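Please model the entire structure based on the sequences and the hints provided.
The opening residue of the sequence shown carries number 147 in the numbering used here; numbering runs sequentially from there.
Take these hints with a grain of salt, some might be off.
[Claimed, not checked] Estimated spans, in silico, between C-beta atoms of each pair: (1) 190 x 231: 30 to 36 Å; (2) 239 x 215: 20 to 26 Å; (3) 208 x 149: 19 to 25 Å; (4) 168 x 239: 16 to 22 Å; (5) 161 x 201: 31 to 37 Å; (6) 190 x 232: 20 to 26 Å; (7) 197 x 148: 16 to 22 Å; (8) 195 x 170: 18 to 24 Å; (9) 195 x 244: 19 to 25 Å; (10) 178 x 210: 16 to 22 Å.
Calculated directly from the structure, the hints in this document are not laboratory data.
Note that the structure is a prediction, hence the values are computed from the model and not measured.
C-beta: ideal position from N, C-alpha, C; glycine also.
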Amino acid sequence: MEAEIVQQMVTSGASSLAGLMATAAWQQVSSRVSRLFGRGEEDEAAGAELEVIRAEVVEAGDDEDALADQTAVLRTRLRRLFREHPEAAVELREILTEFVPRQEPGSTYIYNTIESGTYNQTVIQAGFYNDGKR
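Okay, here's the thing in structure tokens:
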């Protein structure tokens with residue numbers, strides 16, 4: 147795989163994984179990411195390491211430096227993974243395509259997540275977002 151493409155996958159993959167870790171979607175994707183890093187032999191150990199990173203990401207909240215530190219850890223792990231197993235880049239792309247919403251350039255998306263609880267009502271959200279560019 148071309149070095150520039152690999153570097154792009156490492157960078158965007160680490161950011162996307164860190165973003166997923168901070169959402170409820172992580173519960174659905176974590177086992178697949180553990181298998182990706184564990185390569186079927188060390189899935190449990192990889193999962194434990196990812197949960198440590200996730201705890202740091204969640205604890206970081208709005209602390210951009212702390213989040214950047216954990217994203218850097220993920221970048222290092224992905225770089226090593228892709229060097230040893232180039233096919234893992236395709237697997238990561240498949241996971242991210244399924245779990246990370248695609249955003250069109252120049253578009254703004256707002257996501258609302260209900261993390262726990264039972265809801266028996268209909269929720270409707272309407273309105274517009276003004277990011278100051280218009």
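Against the structure, the hints:
1. 190 x 231: 30 to 36 Å: violated, 18 Å
2. 239 x 215: 20 to 26 Å: Holds, at about 25 Å.
3. 208 x 149: 19 to 25 Å: violated, 34 Å
4. 168 x 239: 16 to 22 Å: With a Cβ separation near 21 Å, residue 168 and residue 239 satisfy 16 to 22 Å, so the hint holds.
5. 161 x 201: 31 to 37 Å: At roughly 18 Å between Cβ atoms, residue 201 and residue 161 fall outside 31 to 37 Å, so the hint is violated.
6. 190 x 232: 20 to 26 Å: holds, 24 Å
7. 197 x 148: 16 to 22 Å: About 33 Å separates the Cβ atoms of residue 197 and residue 148, which means 16 to 22 Å is violated.
8. 195 x 170: 18 to 24 Å: For residue 195 and residue 170 the Cβ distance comes to about 21 Å; the hint holds.
9. 195 x 244: 19 to 25 Å: holds, 22 Å
10. 178 x 210: 16 to 22 Å: violated, 27 Å
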